[in-house]
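In order, the protein sequence lines correspond to chains Z and L.
For the first sequence, the numbering used here assigns the number 117 to the last residue and increments by one with no breaks.
For the second sequence, the numbering used here assigns the number 112 to the last residue and increments by one with no breaks.
Derived from the structure by calculation, the hints contain no laboratory data.
Note that the structure is a prediction, hence the values are computed from the model and not measured.
One or more of the hints may lead you astray.
[What the hints assert, rightly or not] Covered by chain L, according to a simulated footprint, are these stretches of chain Z (three or more residues, beta-carbon under 8 Å):
#, region
1, 17-24
2, 32-46
3, 105-114
Ideal Cβ placement from N, Cα and C applies to all residues, glycine included.
Single-letter residue listing:
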Amino acid sequence: GAVVSQHPSRVICKSGTSVKIECRSLDFQATTMFWYRQFPKQSLMLMATSNEGSKATYEQGVEKDKFLINHASLTLSTLTVTSAHPEDSSFYICSAPRDGTPRSGYTFGSGTRLTVV
Amino acid sequence: KQEVTQIPAALSVPEGENLVLNCSFTDSAIYNLQWFRQDPGKGLTSLLLIQSSQREQTSGRLNASLDKSSGRSTLYIAASQPGDSATYLCAVIDNAGNMLTFGGGTRLMVKP
Numbered sequence: 001g002a003v004v005s006q007h008p009s010r011v012i013c014k015s016g017t018s019v020k021i022e023c024r025s026l027d028f029q030a031t032t033m034f035w036y037r038q039f040p041k042q043s044l045m046l047m048a049t050s051n052e053g054s055k056a057t058y059e060q061g062v063e064k065d066k067f068l069i070n071h072a073s074l075t076l077s078t079l080t081v082t083s084a085h086p087e088d089s090s091f092y093i094c095s096a097p098r099d100g101t102p103r104s105g106y107t108f109g110s111g112t113r114l115t116v117v
Numbered sequence: 001k002q003e004v005t006q007i008p009a010a011l012s013v014p015e016g017e018n019l020v021l022n023c024s025f026t027d028s029a030i031y032n033l034q035w036f037r038q039d040p041g042k043g044l045t046s047l048l049l050i051q052s053s054q055r056e057q058t059s060g061r062l063n064a065s066l067d068k069s070s071g072r073s074t075l076y077i078a079a080s081q082p083g084d085s086a087t088y089l090c091a092v093i094d095n096a097g098n099m100l101t102f103g104g105g106t107r108l109m110v111k112p
């Protein structure tokens, strides 16, 4: 149980275009979704926290106009990388508290490898 | 601000060895601690979750311990196998239960 489905797993896009990444909680309600970025051989860096029905909270140094987060329902959160550039190439992962409560720990999506050419 | 450190950063062992991965955190006021496994290019798979009131959790060949007062957790892997090769990450959840702070991970290679 407590599965987060993330799509796409890989995407290659041209510089200047936008890419949308989706994370769906399949068998529980995710009122909160965390979005991370991971560079090669490094740990996860929290980018932002999205809450259903309200604006996302961004970590310091993360451009909210570049990384648009929408959490329109209890089961879907999206991250849109706008006007992507090669430096945005990275591995993006979403996470939510299992069963909607941190007491049960966190579950992660399978990640999206973004390559901007 | 919570800081999580994992030692060693990388480890290579022959198959069959028992091994210990270490995780330390600076703020002992944690809600719980979670160990994950990450295979290259993949997401994170949860291995064990320890509540702040617990001392250890076991799952198969894995045993995780927690000493909250000293800010330490260990992940013990018994009889290691090549399939255990991956990066192991520990993460602590703050007392508000809102945020995961990750360690840098330990890259484990188990050689046949």
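- Message: Three residues or more, CB to CB closer than 8 Å: is that satisfied between the region 17-24 of chain Z and chain L?
- Response: Check failed, 0 qualifying residues.
- Within 8 Å of chain L (C-beta), three or more residues of the region 105-114 of chain Z: This one holds; 8 residues, not fewer than the three required, reach chain L with a Cβ under 8 Å.
- Query: Counting residues of the region 32-46 of chain Z that have a beta-carbon nearer than 8 Å to any beta-carbon of chain L, does the count reach 3?
  - Reply: holds (count 7)
Hint compliance for this structure: hint 1 alone is broken.
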